[in-house]
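Visitor: Using the hints provided, position chains B and C relative to the given structure of chain A.
Chains as they are written, first to last, in the working numbering: chain A, 1 to 278; chain B, 279 to 602; chain C, 603 to 940.
In the EDC-like style, the derived pairs of lysine to aspartate or glutamate whose C-alpha atoms are separated by at most 20 Å in a straight line are:
#, chain 1, residue 1, chain 2, residue 2
1, B, Lys544, C, Asp806
2, C, Lys669, A, Glu167
3, B, Lys544, C, Asp803
Ranges of calculated distance between the beta carbons of each label pair, as one might list FRET restraints:
#, chain 1, residue 1, chain 2, residue 2, range
4, C, Pro620, B, Pro379, 13 to 21 Å
5, C, Gly679, B, Thr375, 43 to 51 Å
6, A, Val106, B, Gly536, 49 to 57 Å
7, B, Phe535, C, Asp803, 16 to 24 Å
8, A, Gly136, C, Glu736, 54 to 62 Å
9, B, Thr375, A, Ser192, 24 to 32 Å
10, C, Tyr755, A, Gly136, 46 to 54 Å
11, C, Thr909, B, Gly536, 23 to 31 Å
12, C, Arg621, B, Thr457, 34 to 42 Å
13, C, Thr909, B, Asp423, 36 to 44 Å
14, B, Asp423, A, Ile16, 43 to 51 Å
15, A, Ile16, B, Ser559, 42 to 50 Å
16, B, Glu473, C, Gly679, 48 to 56 Å
Please keep in mind that the hints were generated in silico from the structure rather than gathered at the bench.
No experiment lies behind these values; they were computed from the predicted model shown.
The C-beta atom is built at its ideal place from N, Cα and C for all residues, glycine as well.
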Amino acid sequence: MSTFLKNARMHRSLMIGGVLTLLLLSVAVLSLFWTPWSPTAIDIANKLKGPSAKHWLGTDHLGRDVLSMLMSGSQISIIVGFLAVSVGLLVGVALGALASTYRGWVEELIMRMSDFSIAFPIIITAVLLTAILGPGTVNSILAIGIFNIPIFARITRGAANAAWAREYVMAAQTCGKGRLRITIEHVLPNISGALIVQATILFAVAILAEAALSFLGLGTQPPEPSWGKMLNNAQTFVGLAPHLAIFPGLAIALSVLGLNLIGDGLRDVLDPKLARAR
Amino acid sequence: MLQVKNLNITLAGATRDISIVKDVSFELDAGRSLGVVGESGSGKSMTALAVMGLLPGAIRASGSINLAGQELLSLSEQEMCSVRGNKVAMIFQEPMTSLNPVQTIGRQVAEPLTLHKGMTRAAARQEAIRLLDRVGIPDAARRLDVYPHQLSGGQRQRVMIAIALSCSPKVLVADEPTTALDVTVQRQILDLLRELVSETRMALIIISHDLGVIGEMVDEMLVMYGGNVVERGQADKIFSQPAHPYTSRLLEAIPRFGMSRSERLKTIPGTMPEIGSEMKSCIFAGRCDLVCAECLQAPPPFVSVDDAHVAACIKAGRVMETAQ
Amino acid sequence: MTQPIIEISNLERRFQLPRESLFRPASTVYALNGINLTVEPQRSFGIVGESGCGKSTLARIIMGLDKPSSGTVKVKGKDITAISPAELREMRSDFQMVFQDPFGSLNPRHHVERIVAEPLYAVGDAIGKQERKEKVAEALTSVGLRPTDMEKYPHEFSGGQRQRVAIARALITRPSLIVADEPVSALDVSVQAQVLNLLRDLEDQFGITFVFISHNLAVVDYACQDAAVIYLGRIVEQGPTSQLFNNPLHPYTQSLVDAVPHVGVKNRRAARQAPTALKTQTAAQTGCTFAGRCSFAKERCRTQQPTLRVVDGGHSVACHFFEETRSERASMQTAVAV
Numbered sequence: 001m002s003t004f005l006k007n008a009r010m011h012r013s014l015m016i017g018g019v020l021t022l023l024l025l026s027v028a029v030l031s032l033f034w035t036p037w038s039p040t041a042i043d044i045a046n047k048l049k050g051p052s053a054k055h056w057l058g059t060d061h062l063g064r065d066v067l068s069m070l071m072s073g074s075q076i077s078i079i080v081g082f083l084a085v086s087v088g089l090l091v092g093v094a095l096g097a098l099a100s101t102y103r104g105w106v107e108e109l110i111m112r113m114s115d116f117s118i119a120f121p122i123i124i125t126a127v128l129l130t131a132i133l134g135p136g137t138v139n140s141i142l143a144i145g146i147f148n149i150p151i152f153a154r155i156t157r158g159a160a161n162a163a164w165a166r167e168y169v170m171a172a173q174t175c176g177k178g179r180l181r182i183t184i185e186h187v188l189p190n191i192s193g194a195l196i197v198q199a200t201i202l203f204a205v206a207i208l209a210e211a212a213l214s215f216l217g218l219g220t221q222p223p224e225p226s227w228g229k230m231l232n233n234a235q236t237f238v239g240l241a242p243h244l245a246i247f248p249g250l251a252i253a254l255s256v257l258g259l260n261l262i263g264d265g266l267r268d269v270l271d272p273k274l275a276r277a278r
Numbered sequence: 279m280l281q282v283k284n285l286n287i288t289l290a291g292a293t294r295d296i297s298i299v300k301d302v303s304f305e306l307d308a309g310r311s312l313g314v315v316g317e318s319g320s321g322k323s324m325t326a327l328a329v330m331g332l333l334p335g336a337i338r339a340s341g342s343i344n345l346a347g348q349e350l351l352s353l354s355e356q357e358m359c360s361v362r363g364n365k366v367a368m369i370f371q372e373p374m375t376s377l378n379p380v381q382t383i384g385r386q387v388a389e390p391l392t393l394h395k396g397m398t399r400a401a402a403r404q405e406a407i408r409l410l411d412r413v414g415i416p417d418a419a420r421r422l423d424v425y426p427h428q429l430s431g432g433q434r435q436r437v438m439i440a441i442a443l444s445c446s447p448k449v450l451v452a453d454e455p456t457t458a459l460d461v462t463v464q465r466q467i468l469d470l471l472r473e474l475v476s477e478t479r480m481a482l483i484i485i486s487h488d489l490g491v492i493g494e495m496v497d498e499m500l501v502m503y504g505g506n507v508v509e510r511g512q513a514d515k516i517f518s519q520p521a522h523p524y525t526s527r528l529l530e531a532i533p534r535f536g537m538s539r540s541e542r543l544k545t546i547p548g549t550m551p552e553i554g555s556e557m558k559s560c561i562f563a564g565r566c567d568l569v570c571a572e573c574l575q576a577p578p579p580f581v582s583v584d585d586a587h588v589a590a591c592i593k594a595g596r597v598m599e600t601a602q
Numbered sequence: 603m604t605q606p607i608i609e610i611s612n613l614e615r616r617f618q619l620p621r622e623s624l625f626r627p628a629s630t631v632y633a634l635n636g637i638n639l640t641v642e643p644q645r646s647f648g649i650v651g652e653s654g655c656g657k658s659t660l661a662r663i664i665m666g667l668d669k670p671s672s673g674t675v676k677v678k679g680k681d682i683t684a685i686s687p688a689e690l691r692e693m694r695s696d697f698q699m700v701f702q703d704p705f706g707s708l709n710p711r712h713h714v715e716r717i718v719a720e721p722l723y724a725v726g727d728a729i730g731k732q733e734r735k736e737k738v739a740e741a742l743t744s745v746g747l748r749p750t751d752m753e754k755y756p757h758e759f760s761g762g763q764r765q766r767v768a769i770a771r772a773l774i775t776r777p778s779l780i781v782a783d784e785p786v787s788a789l790d791v792s793v794q795a796q797v798l799n800l801l802r803d804l805e806d807q808f809g810i811t812f813v814f815i816s817h818n819l820a821v822v823d824y825a826c827q828d829a830a831v832i833y834l835g836r837i838v839e840q841g842p843t844s845q846l847f848n849n850p851l852h853p854y855t856q857s858l859v860d861a862v863p864h865v866g867v868k869n870r871r872a873a874r875q876a877p878t879a880l881k882t883q884t885a886a887q888t889g890c891t892f893a894g895r896c897s898f899a900k901e902r903c904r905t906q907q908p909t910l911r912v913v914d915g916g917h918s919v920a921c922h923f924f925e926e927t928r929s930e931r932a933s934m935q936t937a938v939a940v
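Same shape as in the complex, but just chain A:
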């Protein structure tokens, strides 16, 4: 563990990504207890004001405080990201592991199904699902999560098939252990690095997708604040009050950047080749 931390500290992009992501998390936690204003408090008299001492990031067309909306909007982004990735991770890893454990027709079936679903871009999948299930936060989580399943399944199966060729797996087979048991004991722990990296990157993708769905009106519904919704509302006033588009856009960009940097950094730090060189 200590060597992990030492490597992590030396890695610059991991550090920057970590700081950005930590900032996002702490803002979300803080917004549970405190925001400068209530994110839903309407003050028509002060609508579309630019940044000022009173409203640091200005107000929107209904006079709501942009900073407060951004802060509590981060909760939705994180919840959606986390749950969507969890759904994808649990189901996708299970399917990928099954495919590589039993090979043969099981693998064919699972992989062809995932090929099929991967053929549709994330937004199309999400639009399709929300169109069927109806818009809302829960449904957008489901939609994004389902999109994540085949991605995790492919990565798990690829990495697991490589691990199956390792000699320690063969050694376990000579001990008479069953394939499922070997997958759990030997294969999954040794591919966890690759999965963690993928999870952080898909977390970022999920935040982006949630914003996109809300922008299209298919995700989080008003009055709950969400970054995508804010961008949507900003469209009409972009000439009049550009800050309405700039700040949520910046929030999305920075969160996605932070998570991607973490993913890249982890890929380097968790690389078993580095571990071996120690």
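Guide: The following block gives chains B and C in isolation, referenced to the frame of chain A:
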């Protein structure tokens, strides 16, 4: 022709410099061959890479590497590029990874010819056919257009040798050239290298952990241990009468044909000290059965035991007696 | 007559190559083609051959990691290709395996205790934590490691020590058979000698029979009493190592023995054979598989597959003309000596 003097190789560390190879010196004439033998971590490959000017990143060489009057260590990277492949060439252990998988072998053999010799593409192609034919690729003219994966391991190594030969280098460095090959193929490659040395009068440096390969191939040899040269001299003399205890034990550790069932291999207890460990004593002292108080006080000087045969051991004479 | 520890008869293993074209049938590779061999208890058996000859496939089949296409593999009298997985699991404690790569064969995320104890799984769960620790400590001691090493992770060991850990793992169930696939070829010379001696000690101490797979003839000669030489999936010669390597009869074995580089045999005659590269055999061809590389090959060799013939004692060879090759070799050797 090639003169290496007091070659030191160090890795610049965060707190201190780590010494990988210490004080290697040797000379090599045209048409002669030198073997560098040692176990993993002995610094033999680093020595080869230093001659090629191919030391990775933070690793630096100091001392002198003089090739036909030209000091290689003082050359800039750009100048070194015109030496590398042209005057010194190298072949590696794994011919699959040292050939570019997406280029035909004809193109890879012709590349140094157009690069260093300024040949036209057509002329380079003709020359490539001649070279491939020389290294024993059957039907060379037709094989120009195949890709590395279509060849066997031995043929790939032949292609590597053809590339190395393309600019008639003065020195060929072969780092474990046959380790990845089967014995019968190894035999052919070794025979080929030996023919080429006597034909082209190039100097050959062959690096190997396999004492048998070294023993058959070379005129002179260096035995390396933990970054130091522990013995240097004529190969037949070292094999018949090793003067350093490490060489002597190493020779006894190889299984030979026809050992009786009751015979046991002699082993060297312990392990090689880690790279960069500061030694105030003889580097082999911890594993040596002849160790005495004097060995622990200072690294031993080279003791000359015979004409151009030296060993870094104060008891070299005794080791030679017991070997007889 | 004691029961042989391994009895293999008419073993074949074919692999289907991926189709090159939709309209042509997929071609088949014969990795093993009619292998018959017997390993007697307490006589370690070497399997020699070049890469791609099928020796590793044979090891995997003996270990029950791969199924033969046809033929039987009896371990201690039981055909492991025919018994149920549960029965096979029960048997597994009696035969274990050591792999080539001391870096790849130990799970980097498990500590040594867990690695070494893994085969105990086959024995059942009747073992308590304390007993398990004791057994691991005992196994580690018998391969020359310290019992305290069980808390370490593989990356804390050198290559030779890792191979000792791997041997300890194979040893923990006190098997009567250990299949070792190139166990020393990734090790340095001085470490290789330590491991070879260790294997021999274990043989004497615990009565273990080793099946030793290697491309290194001298290593097999040192470690084994009997050996078989495999060429393209067929045994071309087998017998006691003392005869096999001192008096090789098959032209292929001869070229292998001649090709080994020896200290102090400088500038000797070029190898008699100029064998072309090994090809995989994609069809069950007629004639001798070695005919294409053999300098003695005659018409009969191209049409008729030679079978293993007993020469003397346990020494047998699959060559129509071994008498001729033997006498020619003898005359060549005297010529060299002169």
